[in-house]
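Here are the chains, one letter per residue:
Protein chains: 8
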Amino acid sequence: MPQERPQVAIIMGSQSDWETMKNAADTLDALDVGYEARIVSAHRTPDRMFAFAKGAREEGFQVIIAGAGGAAHLPGMVAALTPLPVFGVPVQSRTMSGTDSLYSIVQMPAGIPVGTLAIGRAGAVNAALLAAAVLALSDPDLADRLDEYRARQTASVADYPIDEAP
Amino acid sequence: MPQERPQVAIIMGSQSDWETMKNAADTLDALDVGYEARIVSAHRTPDRMFAFAKGAREEGFQVIIAGAGGAAHLPGMVAALTPLPVFGVPVQSRTMSGTDSLYSIVQMPAGIPVGTLAIGRAGAVNAALLAAAVLALSDPDLADRLDEYRARQTASVADYPIDEAP
Amino acid sequence: MPQERPQVAIIMGSQSDWETMKNAADTLDALDVGYEARIVSAHRTPDRMFAFAKGAREEGFQVIIAGAGGAAHLPGMVAALTPLPVFGVPVQSRTMSGTDSLYSIVQMPAGIPVGTLAIGRAGAVNAALLAAAVLALSDPDLADRLDEYRARQTASVADYPIDEAP
Amino acid sequence: MPQERPQVAIIMGSQSDWETMKNAADTLDALDVGYEARIVSAHRTPDRMFAFAKGAREEGFQVIIAGAGGAAHLPGMVAALTPLPVFGVPVQSRTMSGTDSLYSIVQMPAGIPVGTLAIGRAGAVNAALLAAAVLALSDPDLADRLDEYRARQTASVADYPIDEAP
Amino acid sequence: MPQERPQVAIIMGSQSDWETMKNAADTLDALDVGYEARIVSAHRTPDRMFAFAKGAREEGFQVIIAGAGGAAHLPGMVAALTPLPVFGVPVQSRTMSGTDSLYSIVQMPAGIPVGTLAIGRAGAVNAALLAAAVLALSDPDLADRLDEYRARQTASVADYPIDEAP
Amino acid sequence: MPQERPQVAIIMGSQSDWETMKNAADTLDALDVGYEARIVSAHRTPDRMFAFAKGAREEGFQVIIAGAGGAAHLPGMVAALTPLPVFGVPVQSRTMSGTDSLYSIVQMPAGIPVGTLAIGRAGAVNAALLAAAVLALSDPDLADRLDEYRARQTASVADYPIDEAP
Amino acid sequence: MPQERPQVAIIMGSQSDWETMKNAADTLDALDVGYEARIVSAHRTPDRMFAFAKGAREEGFQVIIAGAGGAAHLPGMVAALTPLPVFGVPVQSRTMSGTDSLYSIVQMPAGIPVGTLAIGRAGAVNAALLAAAVLALSDPDLADRLDEYRARQTASVADYPIDEAP
Amino acid sequence: MPQERPQVAIIMGSQSDWETMKNAADTLDALDVGYEARIVSAHRTPDRMFAFAKGAREEGFQVIIAGAGGAAHLPGMVAALTPLPVFGVPVQSRTMSGTDSLYSIVQMPAGIPVGTLAIGRAGAVNAALLAAAVLALSDPDLADRLDEYRARQTASVADYPIDEAP
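Protein sequence lines correspond, in order, to chains A, B, C, D, E, F, G and H.
Positions -12 to 153 (this note's numbering) are the ones given, in order, by the first sequence.
Positions -12 to 153 (this note's numbering) are the ones given, in order, by the second sequence.
Positions -12 to 153 (this note's numbering) are the ones given, in order, by the third sequence.
Positions -12 to 153 (this note's numbering) are the ones given, in order, by the fourth sequence.
Positions -12 to 153 (this note's numbering) are the ones given, in order, by the fifth sequence.
Positions -12 to 153 (this note's numbering) are the ones given, in order, by the sixth sequence.
Positions -12 to 153 (this note's numbering) are the ones given, in order, by the seventh sequence.
Positions -12 to 153 (this note's numbering) are the ones given, in order, by the eighth sequence.
Mixed in with the good hints there might be a few duds.
[Unchecked claim] Quick list of in silico lysine-lysine cross-link-like pairs, DSBU-like style, CA-CA up to 35 Å: (1) LYS9(H) / LYS41(G); (2) LYS41(D) / LYS9(H); (3) LYS9(A) / LYS9(F); (4) LYS9(E) / LYS41(A); (5) LYS41(G) / LYS41(F); (6) LYS41(B) / LYS9(C); (7) LYS9(E) / LYS41(G); (8) LYS41(A) / LYS9(A); (9) LYS9(F) / LYS9(G); (10) LYS41(F) / LYS9(E); (11) LYS9(C) / LYS9(H); (12) LYS9(G) / LYS41(G); (13) LYS9(C) / LYS9(B); (14) LYS9(C) / LYS41(D); (15) LYS9(D) / LYS41(C); (16) LYS9(A) / LYS41(C); (17) LYS41(D) / LYS9(B); (18) LYS41(E) / LYS41(A); (19) LYS41(F) / LYS9(F); (20) LYS41(E) / LYS9(F); (21) LYS9(H) / LYS9(D); (22) LYS41(H) / LYS9(G); (23) LYS9(B) / LYS41(A); (24) LYS9(D) / LYS41(H); (25) LYS41(B) / LYS41(C); (26) LYS9(E) / LYS9(A); (27) LYS9(D) / LYS41(G); (28) LYS9(H) / LYS9(F); (29) LYS41(F) / LYS9(G).
Don't read these hints as lab results, they were simulated from the structure.
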């Protein structure tokens, strides 16, 4: 049951973030949640960022997932410009392993929230799951799909560890 | 227009977290969003935590705000037990200023998301604002109130700094 | 002199932790201490975790070794649910090298203890040695084996460093 | 039912650590576990430390709790000299808030384990609880007292936070 | 020889940053460099921030000093919107002592530079001195004043430390 | 329009820093800004460093870019010896990933400023862009070239991420 | 038996460091080792620093103790300019508690050593003790005094902690 | 002019530290300073460590260089047992890149000094240079050799960086 219009925007600061953020897209695919992925750089394309963020609600998006690394300003700036819920994914940076990305995203001042996920791939997957949980509040079918996703995840955990071939 | 049933649960690991988490409650009050605040300790009351988390959707909650400090397991464990969106607030700890709280909440593995806010008071306020943004997706009146809240916030920023009396 | 029933449970959050935790198993093997290794995920299998932890004493376990990475909640949650001694091993995480795992395990609040070992392989070996030291308090044969293990360890330290072939 | 001979040694590097380590003593008192508290400095009294650690088993101690701050070598050195289980408490240091204490205690190399607790007061309380859990393995009465302690702890958690008088 | 039009803009995210940023203003006063101090919040007043940054060159500013704390996006966002040199001052934050502010300001991606100074008061003073050094490149009088400022600073360093009255 | 005399000095502590600092040189080349690159070690060639820094203004340099790693004293010491603006680039160190370099450069005391850029390659590129922004204040042609550089940078950002061939 | 000429130079970056460095002076006094304390700022008085460091051996100094905070360049720069042993004391900084001071002093590149002590008061005391240990190598009387100092220190450690009056 | 008896002891916790500590040996070789390298583990061979440290002065050693990683207790424990100057080298650890080693060595309490060098190879080289500087105080020939070593080091720094073949 694919969505007519994408409910989720996945934005990222550069093409290099796609390797991480694609995990958000794949997770939304698995849950049959519509999304659109765009490159929106707070620093290199600030006008595009302003236009996107201010128009996101009008475009029909309901949740924004934003990934960025280093001095990661994209999630917070988008959150400053839209009333939609924004979830931030700290992309693992080269020199500080994403600690800089994490602090730049999560330590927002009172007034403008960004729901921040873990650094890197896990964070991208979880941003998608959190977006789905939000959308599921008013979409019983999605709530069912999310319940099934979680049930499958639980069922997939083996009881005992096994030695892997070297 | 107060809510009949509280849509938001504000839970925390101990009474001492209330000084921080009260800021979430106050913010929800300002937005006229119903909530209930409870003490649920993952470590000292694990059964209460399990019962709460498993029953939260049935109780009618739509969003859970969980605050905890140190090895802060409450937000992640609740997220493991409910499909509802969970927002975590790292309470400022005494020895590590909340860095331990932050890492314990935000670095969740792929599969179980916690949308994490800033350490301390700012995070508590923002957890409430993020919960309101989520609820506003299907509540136009709340969306208006949230827009007004943000507009007032913008209007309250003075143009010039002033020297304060010593 | 193998144990009839395993005295030590080695649990871990996922198959990927086995590479680290196998070092605990190997060390217990070397000391002829019985153990059982299981995958118990606090986040993906919370019910399994609850059932395991609540029943561990009844199952006959005397010590629990729990390894986990990232926002590592397994050791602390198990400790909240059993009166048995719990030793935690922070598994080296990808983005933070295990600092997040360490803080999430060691910074437990007063009331629920987790004896935490070093990050990674050294911690897994030492969790086994600490478990053996605990069991040796009431098992003179094991105390002897542990003394021998330590004596061999001391004897194995060469007096002078040697240049290794490149 | 006081112990004839103390089963637990609480040692610390200096008088100034007593403010923290007294919490371990108080917790053992509450559980009716016998202990003896001594000042043993790895750096200022290395001979005393050697003598204590080498003789601890002969003295009848079963568990050693060691607290130290900064470059905290006491727990690890004692663990190198005794087969008894050693639990380490990182005392909060002035300049690094105990991060240096924590790393110096927990990051032991494979071969010599120290079960490390949280920085500061919480760690001291928990070292006592962990020692009690170890002793309870062969002391059913203590096991009962520990169960009661934990039950009281659980029961003492209020259901709702309350505003405290300013 | 006061400036007709201010060459330096001192902007900050909130009134609470003024305590820190006033040190930049005082230093520019001491060097007789004209400036204007404004509150421009990237998060709470993003439109004001955009308008300011895009119009700064037209307004006649030559250097921008921007102070912010926490997830400090102001310096980087302004730098994204103006070709003028931007110097950033990480304001000491409550929970992370300014480490978050520092990382959020200094770790800018290639393409948009922010010259970052030390956390807190020292950084504010130095941002002013760096701005003056830039302006002095084309203002010989200011270059002289700056030389004198530095000479006085050198001369003010006593040869020997003195015990201060308790 | 190449410069007759180089306006920018790019200095670094050792040949091994050139891999990073070459990015500053390439960026200045792209902007047609004259520069000279030299090895000046604060620790191994302190006299050369003193002579360079004291004579830099006389040599005709207008901006100094200094890169160094570890206990990186070069930028700060040069800034102590010249009134010219100094921009510092923390070179990524082997053991601390450049955190030591960053702290050693950015945490200058009040009185001697170093405008610090990001760790590694991004910082080297940005030091060049910041130097160009400073020089452009009195060089309209350079200002135009810098505007074009930034416009090209903005135009080069694709609208959508693409999957890259594995 | 006071020294005719001071063997130890205690230098520091500013008067404010004296509170810390006075502990080095007091310790040398207790050991009857001659010293001279001076303010030598690498950043504000670079010429004085150069002159001091280059002339220290000629002046008759044998060991240099250098204390500094923040981007602490004094110990390393002095070490670059003298063949005498240099011991560095990281002064506790306001914003980073001395972590910046520590990294700036200890992470010297191969070729120029600084023997670094702990942050703050303990480091200042120990710098004096280390200087005395060095001088004692060729001064049997000082060796005896140092042995006595250490013996008194050992003897001063009480056997048991005592509750202090509140 | 080789030494009859070695003046410097280079000790390390394990064979694996030799890769790092060999740089100290090579540097002493280059300066024609006699040394002996031994493996002395504080944790695995505490008796050997005690015997070595207590007898080091009698053996004729004048300076001790001690390298260790992780919870690195060797330098501090040896310093507690000998009046000789001890210089510590934090060996780069696997999980924390040597930050744990550094804190464990440098943060010694007042009373027992360890002159700490940089993490890894640079620290090993510098420990040797610092030992040589200490010995040179009473050995004019070594002082000359050290001056020459430093002069060669200065002379070896090229004036300009060169592009290296890829």
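How the hints compare with the structure:
no. : hint                : in the structure
1   : LYS9(H) / LYS41(G)  : 31 Å, holds
2   : LYS41(D) / LYS9(H)  : 33 Å, holds
3   : LYS9(A) / LYS9(F)   : 33 Å, holds
4   : LYS9(E) / LYS41(A)  : 33 Å, holds
5   : LYS41(G) / LYS41(F) : 18 Å, holds
6   : LYS41(B) / LYS9(C)  : 33 Å, holds
7   : LYS9(E) / LYS41(G)  : 39 Å, violated
8   : LYS41(A) / LYS9(A)  : 24 Å, holds
9   : LYS9(F) / LYS9(G)   : 45 Å, violated
10  : LYS41(F) / LYS9(E)  : 31 Å, holds
11  : LYS9(C) / LYS9(H)   : 33 Å, holds
12  : LYS9(G) / LYS41(G)  : 24 Å, holds
13  : LYS9(C) / LYS9(B)   : 45 Å, violated
14  : LYS9(C) / LYS41(D)  : 31 Å, holds
15  : LYS9(D) / LYS41(C)  : 31 Å, holds
16  : LYS9(A) / LYS41(C)  : 39 Å, violated
17  : LYS41(D) / LYS9(B)  : 52 Å, violated
18  : LYS41(E) / LYS41(A) : 18 Å, holds
19  : LYS41(F) / LYS9(F)  : 24 Å, holds
20  : LYS41(E) / LYS9(F)  : 31 Å, holds
21  : LYS9(H) / LYS9(D)   : 45 Å, violated
22  : LYS41(H) / LYS9(G)  : 31 Å, holds
23  : LYS9(B) / LYS41(A)  : 31 Å, holds
24  : LYS9(D) / LYS41(H)  : 33 Å, holds
25  : LYS41(B) / LYS41(C) : 18 Å, holds
26  : LYS9(E) / LYS9(A)   : 45 Å, violated
27  : LYS9(D) / LYS41(G)  : 52 Å, violated
28  : LYS9(H) / LYS9(F)   : 33 Å, holds
29  : LYS41(F) / LYS9(G)  : 33 Å, holds
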